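Engineer: Given next are the chains, with one letter for each unit.
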Amino acid sequence: MNIRIVLLLVYTGGSYVALSSVYADDALSTNEATTSTWQQGNASAPVPVLVQQVDGTTKLEWHGGATVNYYNNSVETAAGQFGTPLNNGSFYNLQGQSDLRSIADNGNVDYFQIGVTRSNDPAVLSLYHQQINNVQVGRSGPGYLLAAGDVAPNFSSLSSALGLRGLIAQKQLDQTSVTGYAGVVVPSWEYLGRQVPRYQLIRDVRGVKVEHAFSPTFKLYGTGQYGAEREGTADIPGLMPTIVRSGSVGFQYNAATYQVTGETAVSHFEQQLFGLQEADKRVGLASIIDGSWRGQSLSLRAGYHDLGPGYVSLSQMASPGIREVYTGADWVAAPWISVGADLRNSKNISLATLFSPSQLTDTNSANVRANINFGSAYPGWALSVQQNISLSRNPVDQLARNQQTSLGLNYANQNWAASLSFGLGIMRNEAATVYDSDTSTWQGSISRNFNNMTDLLPASWTVSANLSASLQSQDLLVGDTAKAYNATLGLSGQRTGWGVFNVSLGNGYNTRPNGLSTLWMTFLQADFSRPLTEKVSAKIYLRNTRRNIADPTLAAEEQNIGMQLGYNF
Amino acid sequence: MGKLWGGRVPKFFATTIAATMVLSNMSVAAGMPKQILNDMVNYYVLGDIPALKQYIDVRFIGYQSLFDTMQIAVNQEAQVRIFFSNIKILNGRSVVVITTNWEKRYLLKPTMTPQLKRGQVNLMFEQFNNQWQLSAISGNNPFTH
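For the record, the sequence lines run as chains A and B.
Residue 181 in numbering that gives the first Met the number 0 sits at position 182 of the first sequence, with consecutive numbering throughout.
Residue 76 in numbering that gives the first Met the number 0 sits at position 77 of the second sequence, with consecutive numbering throughout.
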């Protein structure tokens with residue numbers, strides 16, 4: 000039913016006006032506050048537009064749109080699917096999206112968002128010919144939030160931070176807030192509807208967080224979560240379901256100049272292993288603390304993370320088996336120079352199994368950097384220097400060194416921009432010496448803008464030209480040198496009322512060892528877009544790429560011609 | 000070298016196709032996270048791993064391990080192309096989760112043997128101090144070898 004509503008809106012092409020379109024004189028400020036509240040809960044979504052009417056009332060507009068893309072691919076490749084992700088033939092790609100909201104006089108915001116894609120191109124939708132990109136319906140108001148559909152609870156780093164299909168609700172009770180969620184973790188709605196193959200088990204999840212603010216700066220919270228996979232819900236036989244329980248307590252201290260956050264957690268993991276009577280059960284522990292301080296010219300930060308190899312939770316951020324400590328600083332030493340440094344020690348600890356003991360890789364790393372500007376005597380000029388070094392020792396005491404040094408010079412003014420940089424990378428790894436190498440990279444670019452802007456009038460047309468080039472030389476210590484070069488010339492422009500054009504031309508090469516021929520590439524891309532009406536725009540485009548020209552096993556040519564119509568309301 | 004370019008990815012030949020494909024298949028709902036993912040792909044294709052640090056906060060659990068893994072990968076790959084399909088976006092409070100299938104094609108050095116890897120990844124982007132940053136990668140990471 001919801002999808003039908005969206006299609007109707009697209010079809011009729013009308014601008015959908017908010018249900019509550021007339022407000023009292025103070026409605027604008029009310030709506031702004033409510034919109035702000037809504038935006039906090041939906042930070043990535045488009046922001047509703049408040050329009051102040053002549054009579055002083057406020058109306059909230061609806062937003063949505065549809066894009067139709069029709070194109071033809073002509074592909075030739077000697078390496079089959081290794082050479083290109085594209086398919087020969089003509090394809091369409093239809094995308095629609097809608098964002099409906101209404102604001103009640105009491106400040107409640109009801110909203111419904113949906114985005115759908117339909118395409119016959121397997122390169123766009125490889126599993127099924129249509130897809131719900133996102134769907135969410137909900138209500139938010141003073142002190143509460145309720146949403147259903149695609150939701151992403153984000154309690155903390157060690158507890159719940161994941162995307163799921165289900166419900167989330169939050170209620171503010173004086174200085175205490177309670178948040179709960181429940182749903183399933185699946186890759187898509189189509190996966191849930193069995194329209195695409197299932198290669199993993201469906202996981203039921205739920206969690207709760209209680210947070211109390213003891214002062215405007217100090218908050219304490221506790222979380223609990225549970226996740227259990229459903230047996231037999233995947234098309235792959237033999238997958239054994241897992242059960243995860245975890246709980247955590249944590250705090251946040253946010254003062255004007257510094258902040259500290261910390262959390263400690265315990266988890267219980269259980270999985271019945273195939274052919275074994277005893278289930279795999281393990282308890283995991285994790286603790287983290289991070290802090291930062293910001294002064295006028297100096298900022299400091301430090302932290303410690305210790306996640307045991309057996310720790311499992313419903314947070315995507317909580318990678319198990321990591322113990323790391325870091326510290327860093329940034330200092331604006333003078334108006335013309337700022338410097339910074341970060342130091343870190345990381346230990347990666349693998350989980351002991353029936354077949355191997357726990358193993359540890361120890362890494363020390365550092366990053367130092369400086370940014371220099373040359374002041375008013377040389378306006379627009381800047382110099383940057385950066386060095387990264389990482390030294391790792393693996394469980395069998397083999398050493399790896401990863402060192403990256405870069406130096407760059409930039410210049411920019413109103414119409415010109417240019418940059419030149421040099422990078423040197425040194426890679427050494429006693430466990431894989433075949434890739435030990437020294438790599439030098441030069442990059443440069445220059446661009447120029449032209450327009451008819453005057454002191455009195457803004458520009459009605461602009462044209463910009465850009466030339467970029469890069470040359471990389473990788474000297475492998477086994478004796479080979481691999482070189483890569485590429486360059487691009489771009490031209491773009493726009494004229495008010497006419498449209499926008501872009502043209503890019505490129506070429507490049509990769510050398511190969513043992514006397515094999517060099518691999519050459521060329522590239523052309525052009526597009527032109529033009530507004531047809533206030534709400535309708537059109538675009539035509541052409542792309543042609545030739546890779547590894549004339550090579551009997553690697554040659555690939557892709558040509559893509561298409562047109563796109565867009566409608567926004 | 001990312002800071003050297005003022006946070007903008009230079010438009011080189013190698014990056015153009017990757018950028019086009021990411022942008023053309025993404026919903027506009029993802030906003031800045033979409034742009035960050037696009038820039039991350041382009042820097043990875045360029046082999047400029049230090050530039051990726053601007054998108055990842057130092058509090059990221061496993062920070063150094065992630066960058067070392069990426070640096071090792073780009074040291075062994077040429078002509079990298081990462082292609083996303085079946086892109087889904089989940090919005091939360093100051094958080095966006097992008098779930099997508101990916102295909103990665105490259106030539107493996109030094110013999111330049113063509114390689115094709117496929118996977119599915121969940122990328123979580125979080126807003127810190129009005130700035131979107133990558134806070135988690137789970138599933139199959141396309142930025143590794």
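What the hints contain is simulated information worked out from the structure, not anything from laboratory work.
Note that the coordinates shown come from a computational prediction; the quantities given were computed from them, not determined experimentally.
There could be a bad hint or two in this list.
[What the hints assert, rightly or not] DSBU-like cross-link-like pairs, simulated, lysine-lysine; straight-line CA separation at most 30 Å:
{"no.": "1", "chain 1": "A", "residue 1": "Lys346", "chain 2": "B", "residue 2": "Lys52"}
{"no.": "2", "chain 1": "A", "residue 1": "Lys280", "chain 2": "A", "residue 2": "Lys218"}
{"no.": "3", "chain 1": "A", "residue 1": "Lys218", "chain 2": "A", "residue 2": "Lys170"}
{"no.": "4", "chain 1": "B", "residue 1": "Lys52", "chain 2": "A", "residue 2": "Lys482"}
{"no.": "5", "chain 1": "B", "residue 1": "Lys116", "chain 2": "A", "residue 2": "Lys482"}
{"no.": "6", "chain 1": "A", "residue 1": "Lys346", "chain 2": "B", "residue 2": "Lys116"}
[Stated by the list, open to error] Which bits of chain A does chain B cover? Going by a derived footprint, with three or more residues having C-beta under 8 Å, they are:
{"no.": "7", "stretch": "249-256"}
{"no.": "8", "stretch": "338-351"}
{"no.": "9", "stretch": "435-445"}
The beta carbon of each residue, even a glycine, is placed where N, CA and C say it ideally should be.
Engineer: Check the hint pairing Lys116(B) with Lys482(A) against an upper bound of 30 Å on the C-alpha distance.
Structural biologist: 24 Å, holds
Engineer: What's the verdict on Lys346(A) and Lys116(B), does the C-alpha distance respect the 30 Å limit or exceed it?
Structural biologist: Holds, at about 28 Å.
Engineer: Holds or violated: Lys280(A) with Lys218(A), Cα cutoff 30 Å?
Structural biologist: 33 Å, violated
Engineer: Need the status of pair Lys52(B), Lys482(A): alpha-carbon distance at most 30 Å?
Structural biologist: Satisfied, since the Cα-Cα distance of roughly 26 Å is no more than 30 Å.
Engineer: Do at least three Cβ atoms from the stretch 249-256 of chain A come closer than 8 Å to Cβ atoms of chain B?
Structural biologist: n = 0 at 8 Å, threshold three: violated.
Engineer: Hint check: Lys346(A) vs Lys52(B), CA-CA at most 30 Å. Holds or violated?
Structural biologist: Between Lys346(A) and Lys52(B) the Cα gap is close to 20 Å, so the pair holds against 30 Å.
Engineer: Three or more residues of the stretch 435-445 of chain A near chain B by CB distance under 8 Å?
Structural biologist: holds (count 5)
Engineer: Within the assertion that chain B covers the stretch 338-351 of chain A, do at least three residues meet a Cβ-to-Cβ distance smaller than 8 Å?
Structural biologist: Check passed, 4 qualifying residues.
Engineer: Lys218(A) and Lys170(A) were given as a pair; does the straight-line alpha-carbon distance stay at or below 30 Å?
Structural biologist: 16 Å, holds
Checked against the numbered hints given earlier, this structure breaks hints 2, 7; the rest are met.
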